[in-house]
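Chemist: Each chain, written out:
2 protein chains.
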Amino acid sequence: MKPLLEVHPWKVVESGFQPEHNRIVESITSLGNGYMGMRGNFEEAYSGDSLQGTYIAGVYYPDRTVVGWWKVGYPEYYAKVLNAVNFIGIDVTLGQKELDLHQWQPRDFKRCLDMQEGELSRRFRLTDEAGRSFFIETKRFVSMEHRQVAAVSYSITLEEDPAQEGATLTFSPYLDGNVVNEDANYGEDFWLAVAERSEADLQLVAMETKKSGFVVAAASTFRLYLNGTELSNIPRQCISRTRYAATEVMLKIQPGDTLVLEKTIAVTTSRDYPAEAVSDKAAEILARHKSKRYSELFAGHAKAWAAIWQEADIRIEGDPEAQQGIRFNIFHLNQTYTGDDPRLNIGPKGFTGEKYGGSTYWDTEAYCLPFYLSTSDPEVARNLLLYRYNHLEKARENAAKLGLKGALYPMVTMTGEECHNEWEITFEEIHRNGAIAYAIFNYVRYTGDKDYLRQYGAEVLAEISRFWASRVSFQPRKGVYMILGVTGPNEYENNVNNNWYTNRIAAWCLEYTLEVLDELSRDHAEDIQELIVELNLSAEETMQWEDIVQRMYFPTVEELGVFEQQDGFMDKELLTVDQIPPEELPLNQNWSWDRILRSCFIKQADVLQGLFFLGDRYDLETKRRNFDFYEPMTVHESSLSPCVHSIIAAEVGCRSKAYELYLRTARLDLDNYNNDTDDGLHITSMAGTWMSIVYGFGGLRIEDDRLALRPFAPENWESYSFRVRFRSHRLEIQVNAAEVAVKQKGGSSLNLSIHDRHFTLPPDGELKIPIPS
Amino acid sequence: MKPLLEVHPWKVVESGFQPEHNRIVESITSLGNGYMGMRGNFEEAYSGDSLQGTYIAGVYYPDRTVVGWWKVGYPEYYAKVLNAVNFIGIDVTLGQKELDLHQWQPRDFKRCLDMQEGELSRRFRLTDEAGRSFFIETKRFVSMEHRQVAAVSYSITLEEDPAQEGATLTFSPYLDGNVVNEDANYGEDFWLAVAERSEADLQLVAMETKKSGFVVAAASTFRLYLNGTELSNIPRQCISRTRYAATEVMLKIQPGDTLVLEKTIAVTTSRDYPAEAVSDKAAEILARHKSKRYSELFAGHAKAWAAIWQEADIRIEGDPEAQQGIRFNIFHLNQTYTGDDPRLNIGPKGFTGEKYGGSTYWDTEAYCLPFYLSTSDPEVARNLLLYRYNHLEKARENAAKLGLKGALYPMVTMTGEECHNEWEITFEEIHRNGAIAYAIFNYVRYTGDKDYLRQYGAEVLAEISRFWASRVSFQPRKGVYMILGVTGPNEYENNVNNNWYTNRIAAWCLEYTLEVLDELSRDHAEDIQELIVELNLSAEETMQWEDIVQRMYFPTVEELGVFEQQDGFMDKELLTVDQIPPEELPLNQNWSWDRILRSCFIKQADVLQGLFFLGDRYDLETKRRNFDFYEPMTVHESSLSPCVHSIIAAEVGCRSKAYELYLRTARLDLDNYNNDTDDGLHITSMAGTWMSIVYGFGGLRIEDDRLALRPFAPENWESYSFRVRFRSHRLEIQVNAAEVAVKQKGGSSLNLSIHDRHFTLPPDGELKIPIPS
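If you're matching them up, the sequences are chains A and B in order. Going by our numbering, the letters in the first sequence line up with residues 20 to 792, in that order. Going by our numbering, the letters in the second sequence line up with residues 20 to 792, in that order.
With the rest of the complex left out, here is chain A:
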């Protein structure tokens, strides 16, 4: 496929409208601010193919589960992110004809996402039957400054007018809640109407979700400017009907005139206000901003983005596509999650599509946390952790449902309740519990915030450990603990015994929990005593944890010096991916499930995920042997796969392999690599791409409580630089083929290691170290 979009360091540009790829471009040009967002749908009507989507964080619908055969323990519902009220809409007519790009032939079309300032714009020209030519320019943003606010600017210029008679235009800015989800299990409409109002300068629609009872209100107003001068007292027609409110204006413009409509929107929900106050709050917030012009609101928004980029930017010299790719990822990660609301998390599609709901997966802990740790205030990562802490009670219930003790976090969730419904995942992909414990470890090690353990972390760790202790079984003849019937991170194996990764992370959880309890007993004896009483944690119980740590079984292929992915893996026919006929890839679209299962082919990092997480326990030789054994069998059919492989390849010195794997993730959505960008973007894997650079090429690690770097520059790149926060330090790391420069902005003296040599970086200091070849 030819590239859909132009390469530019800060922009994503579609030049010339490509209706056949509209859904893809809509996904790519989505906007969001952590609170709400929408796909790159057009403001005006569009009757061609499009996936209309406006989403509001945390507003979900518990859609009744669909399964062929019910199994005990299946959740009653699958939480879906909801397509919510369309608030960007503006119906437009030029002359008598509706502006609909499916009906007109646009010229000079450009759709442009400006990632630096977070704005989506379009410009195009249309000529009507009378030969009049119009130039249209639209802009919008979802404010990073005022999260409940969005604004649209819609400008029309009558450029040519052979008859010199002018043209009549109508604008009908609207709010429309008559929306559905394409992925509704039973085709249901998820919303009930609450209120609609249309007045001269206020449109308001309030709606309530069925079952989950979220009230959402959108209020909007607009102003008109003719050649820069505001028009007042334009006659307006107010239209309201069920879940719809619009105010229509009709004007005549003369050749050369430019008419601009600026629409401002406020959106509120019952997540933040009492249900009965939601509509008034929307109107109130709108009232606060309605006097501001688009440009004024935008300035505050752009400033917020500048602050984000100040922390999070990665610069790549010598590879414009890579530069665009990484900024695209960083941009969308920041649009999806801003970390100021611990009730929220990172949906796999963010605000870019319906698929996989807006639910939380282990992706957050395993892939996204490091990005937010390094590029945001520690509060952001802490809120991701608190999200799970707040769901602890639900996780206890979930474990009890399976007849187990402690806490089992859900595979997919919106509220802490499990809402996935394939037994092999829902009930068996229990390694997710390990990632949640690991995130606590990772957060504490990175931020140094040990107090988190005392206040929240220890309780979560103890309950997770309790789960593992009740889930293992002791094999008396072999004298080992086993974990039977699991699905590992490689979901192309189901219901296996002794998945190495699961056993490994389970034993690690127990070990880390014991360590934390021990340390807290020393330093915070009172707090820990309180916890022990609350959890009714006995010495016997922790002794059993110790015993499991000592006697956990880890399948190993001695003669090859590799860990065995699970019992019996070596009985498979061991092939490599290059032996699969290319037309049979991806396997999940071409092979029946049983064939995938009995093959050796691996969906995503499994043993290698363990070697990445617990990297300081394994030497480079072990990592290299396992990488050489497993990577060639890996089809990378999860977007989360290449990054971990790229990082390990970089670590064991396979630099060109590291770069090749990086390329599979870097522009996944921009190039529609997996042919599924139409559904939405792969948000969580974007954090993996960031890790490929920072942890992979940059070699960032935390070792012995110290920041360690082992950077190199990929051959194709002249240089690259990235910024990280580490505790109180703000660093910029620049790497080229020859050397690495580490600069500190302000801060205090920092001990760090670069390529295994120790250095001290003074405040505002800089180190330049040659890179060993």
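Simulated from the structure, these hints should not be mistaken for lab results. A portion of the hints provided could be inaccurate.
Repeated chains share a single entry, so a pair holds when one copy, or any two copies, can fit it.
Calculated lysine to any residue pairs in the SDA-like style (CA-CA distance at most 20 Å, straight line) [what the hints assert, rightly or not]:
1) Lys271 / Glu178
2) Lys322 / Ala212
3) Lys90 / Ile444
4) Lys271 / Thr187
5) Lys413 / Lys424
6) Lys764 / Tyr475
With the hints as your guide, set chain B onto chain A.
Modeler: Frame of chain A, contents of chain B only:
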């Protein structure tokens, strides 16, 4: 629960109406004749709880598949047996009030299924507000003589009439196609109207199934008799509307009068006639029988049942409940499948409910075939085999879908296409192919019809063997063939490696196929040559089969001398069922699926199924060791489980255990043992019950081409006798504690073995042999 029904050797009687158990009694009192059937619904209206169901063999609806997550290879539809036009219906009013037992209080209620003659009758008394007392008696049957015909007799007597004014009755016999399936995946209506007619002496409704396009027509007529004399020229009101036709009559009867309505019905389908002729055919067949009274039609039907019982009856002395139980099973098996149409098969619920569709499972080959082999004309069993032969092309397509060669028969089917949709069953429960090959072996060994192999069997066997050869994988380090990623008969294990039963039956298939090809090469060189060319079967291929037979891997626990159910089974915590708290049983209603999977508990015979099928390959000690190891872990949560265990228990001399296990299957539905009889009866497991007696207590086997018996009488029984056909011989075997008597009716000289001693039984001869203790 107190017994719902009275014990009687030939009848099932509900005394006193039990509306709370109505669905259960409806299931139990279902009628059928292999062509059509219906649940024990009332003829008149009933507004209480009821599962209305009339079913016509082979008329199915391809209901769109429901799954949570689609996997490549899933079938588009799940075939459902259709609830079809209700043709027994007669609306009745007594005085002005509709006869509806939910609204009246019946006295002296009896619902009686006569199994000897295949008739369902009811009798009850009602008293209206005027103090008039009516005695109602209904009877119906679905003709075993004329398969497209059914008849109903509805009699009302005015027994008491205080005012001596008589009573006005209306009868409205109807055909009603406004029926739905309770189990429709998306609540759809499956039928389209084709035609309705209502005339003085003809009601006709024709309908067509959506998608599958089956046309079904029902035609009916009725006559009235007052005190035995036919009434003619009664004014009739003809009513027809969409999918409904009725003719209403109103009469006045005097105290002491008995009014009888006799309704005769003919049902035809486009399975037998061109779609456009179906209605006319129904009318034509009806015309042929309409002059006959109920009693005359019934006489032919009862005679057909007498002939069935003559072949198939089992008599048990000294245990009336067991007597009723076994006859109930034999009765329903004969109602479900009569073997005259090779397009039909045995649905797990027959004509007694919707659940599991009317589809075909491996139950037919594994459990039902022996019953029909012993109790029916060989043509019946042969048609069961031809059913699969006729689906060979679809089975080839099914294997190809999974990327495999040869033929994989479906797990669930109506037309040869797979219509199950759980990957662990659909794609992995491939042992079903073994049962289909085994049925060929079993049929040929029992009937001696070797010609079947030449004409049909060899081709099926070769394609099944081809499937196995492409499905195994060679493990070079161990030098063995393995079968990875399967589900065995014990569905409480999913996606396991080297299920002993699957490996065993696969190797057996290859071995038997080679043997058959070899024998055919000797005896029918030309035919086999033709087949080899047609299948493009090379010597290389059969040599590979030979190699697989030689080097198949069979997991074994050497130290215990048992076969290992699958790789890794011995790593489980080995518990016995008596260690499960009773309130947690059945596991499938109380434990989450993962817990069931990782436990050792077994749903139904797995290793033991192999020891039953291939019993002549294993000595008693091996069987005993495996039985003692596996049976205590078996929860028997399939209705097909206890019978196989009972047979093996009997064989290894655990007679009381054999009897205990027999009891779990003998009155499964009569006593609603599994609490699910409301959905319909467990038809296929009924054949297992029959086997428990004949193969278990009777010890029937075919050994060295000879009939072998090793009978004993369970302690609680005075004696029992059963009849079997064996090739051209018709035998009756009577067993009591002391001796077994084998009588031959007519026939020729028969060599047989009884308790391992050889005898020759002359024509019309009898042997009496003492039973060793």
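Chemist: Does each hint hold? Answer for all of them.
Modeler: We went through each hint and held it up to the structure:
1. Taking identical chains as interchangeable, the C-alpha atoms of Lys271 and Glu178 lie at most 20 Å apart only when both belong to the same chain, with a minimum of 14 Å there against 91 Å between chains.
2. For a Cα distance limit of 20 Å, the shortest separation of Lys322 from Ala212 qualifies neither inside one copy, at 37 Å, nor across copies, at 68 Å.
3. With identical chains, the CA atoms of Lys90 and Ile444 are at most 20 Å apart both within one copy (13 Å) and between copies (14 Å).
4. For the homomeric pair Lys271 and Thr187, the shortest alpha-carbon distance inside one copy (4 Å) is at most 20 Å, but the shortest distance between copies (81 Å) is not.
5. In this assembly of identical chains, Lys413 and Lys424 lie within 20 Å of each other by CA distance solely inside one copy; the values are 13 Å within and 48 Å between copies.
6. For a Cα distance limit of 20 Å, the shortest separation of Lys764 from Tyr475 qualifies neither inside one copy, at 32 Å, nor across copies, at 84 Å.
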